[in-house]
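K.L.:
Construct the entire structure; sequences and hints are all you get.
Those protein sequences? They're chains A and B, same order as listed. Position 180 (the first sequence) corresponds to 180 in this note's numbering; numbering is contiguous. Position 78 (the second sequence) corresponds to 562 in this note's numbering; numbering is contiguous.
Because the hints were derived from the structure by calculation, they are not lab data. Heads up, some of the hints might be wrong.
From the structure, some residues in chain B lie toward chain A, with a derived Cβ separation under 7 Å [stated by the list, open to error]:
no. : residue
1   : L547
2   : L556
3   : A558
4   : R560
5   : A569
6   : S572
7   : R577
8   : I578
Beta carbons are placed, not taken as given, at the ideal position from N, Cα and C, and that holds for glycine.
These are the residues of each chain, in order.
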Amino acid sequence: MAVSDHDVVLGLEVHAQLLTRSKIFCGCSTAFGAEPNAHVCPVCLGLPGVLPSLNRRVVEMAVRTGLALGCSVRPRSVWARKNYFYPDLPKGYQISQYELPICEGGGLDITVGGAEKRVRLTRIHMEEDAGKNVHGLAADGSSGVDLNRAGVPLLEIVSEPDLRSVDEAVEYLKELRRLLVWLGVNDGNLEEGSFRCDANVSVKPRGAEKLGQRCEIKNMNSFRFLRQAVDYEVRRQVEIVEAGGRVEQETRLFDPDRGETRAMRSKEDAHDYRYFPEPDLPPVRVEEAFVEEQRRALPELPQARERRYVRELSLPAADAALLTAERQVADYFEEVLARHGRTPEAAKRAANWMNGEVARLANESGLAPPSWKLRPEGLAELLGLVAAGTVGGPGAKQALEEAFRTGAAPAAVVQEKGLAQVSDQGAIEAAVDAVLARSPGEVERYRAGNKKLMGFFVGQVMKEMKGKGNPAVVNALLQKRLEG
Amino acid sequence: MLSLEEVRRIAALARLELSPAEETLFAGQLSAILDYVKQLEALDVSGVEPMTHALAAGDAPPLRADEVRPGLPADRALAAAPARAGTSFQVPRIIE
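P.N.:
Okay, here's the thing in structure tokens:
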């Protein structure tokens, strides 16, 4: 038996930091990157005699996320204390939700290898983040504790063990990340840890009903590490099972330097968190009207937008996926469509330029769409010139670059720089004749059957016309002269 | 009556070091508290919603607006720390 004789069973827990201005239970800033302990107060330091006070925005974002994922929202959910000791947890407990989380059920559709599948969700709950330990702070190896992150709001999104391969797990994470960023509740940054993932991994003989014992894997801060960690863990578990052993339920850390997972030493007591209802916070009440308000505030979701682009605009799936990877890009594209038109031809033209030249320039500049100097009306103007044949591919590219850099109107750039395409019969004829007159040898060889020389003639004519000749007209005239 | 083993486990979870005499003492005290609360089991509460907070339902205070308010300067935040390094709390090496 080998890995291929086993089913892999995966469930994911995602911790997503919410994009609030202040922390979940106090008014401290959530800004990333400040000096250690610049954003702390008696509440998030866990000093005695303080009371937490719930940030309304956290509840809004939790409900909005739950609705976008098809969850049911509990009218009454309860805070719980999760007790454990760690230096980054000043109170000795984390305020979380346990038995009665704010959202339950729901699911997320993913597509892997052309097959669509629904991954069910167990629950979504709200909680506070812990602080950050900085290891090896001093020569004696002591650690530093920075509590700026303590009390930053998190959503924990827990899937059912519905994933059957690491490809499905990666796709699920990418899809979830796209949705959260789209909703404006999370910044999707794996490296900085604002979007974190733990995986529950188990294996069972192919087709078996009963799930194997699972291990929880932590510390994977990229899609690549998730792949490595899960692949390693699956091999490890299969080896244990095949040797007649039993997989122990435990928490394991991924070590990116070695590409391995290993058991965490300090977690023997980890599964006894002694949860109990948080006495300092009343249950969260969510009225029906509040839920409806959040539902109305939902934008068109990324999967819906992507499918609509394929269905209504006849765009290829790959184009639609690129355009909807980020909401700001998709919204920009919408504005271009509103001006340039929604016929399949116009949409395809807009998509090609968005995913091609515009994407390239945007990458180079490192700017997000709201900061682009080229506004949607400018791009639409350029696309109009292309559609009308006023400007050819090379000229349009040049005009686009200039417009993207300076914000100038593309039509004005085309005018000023003389980028307009020449379709005038007479001008092109003159260039064609000049080229043929000085290339008698090539003309002879072409007429003798070397048709590949057409490329040479087109190139020469274009050069003669400084790249502005309309390629269709140039081709037609050359054909006529050479064949006629 | 709580066993000494249970008392030791609870003490370990709470990071408390108890002498044998204390283990016996607290086994008795903890058991007495549990027995006292256990009297509630005589009541039929099947129709009562579990109470998780002293506030009555609907009495919840309004939620806080998402606004940043100044906290403590790092120096005051760190004032009671046994050791500090820069503006970080300094703690013994964390092995993981």
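K.L.:
Hold the hint about B:L556 up to the distance rule: shortest CB distance to chain A must be less than 7 Å.
P.N.:
Result: holds, 5 Å to nearest chain A Cβ.
K.L.:
With a cut-off of 7 Å, does the beta carbon of B:R560 approach a beta carbon of chain A closely enough for the hint to hold?
P.N.:
Nearest chain A Cβ about 9 Å off; hint violated.
K.L.:
Identify whether the interface hint at B:I578 stands, where standing means a beta carbon of chain A within less than 7 Å of its own.
P.N.:
Holds: closest Cβ of chain A sits about 5 Å from B:I578, inside 7 Å.
K.L.:
Is the interface hint satisfied for B:S572? The criterion is a beta-carbon contact with chain A at less than 7 Å.
P.N.:
holds, 3 Å
K.L.:
Does the nearest C-beta of chain A fall within a distance shorter than 7 Å of the C-beta of B:A558?
P.N.:
holds, 5 Å
K.L.:
Grab the minimum C-beta distance from B:L547 to chain A and call the hint holds if it beats 7 Å, violated otherwise.
P.N.:
holds, 4 Å
K.L.:
Just to be careful: measuring from the Cβ of B:A569 to every Cβ in chain A, is the smallest value less than 7 Å?
P.N.:
Nearest chain A Cβ about 5 Å off; hint holds.
K.L.:
Per the CB criterion, is B:R577 less than 7 Å away from chain A?
P.N.:
holds, 4 Å
Violated hint: 4 only; the structure is consistent with all others.
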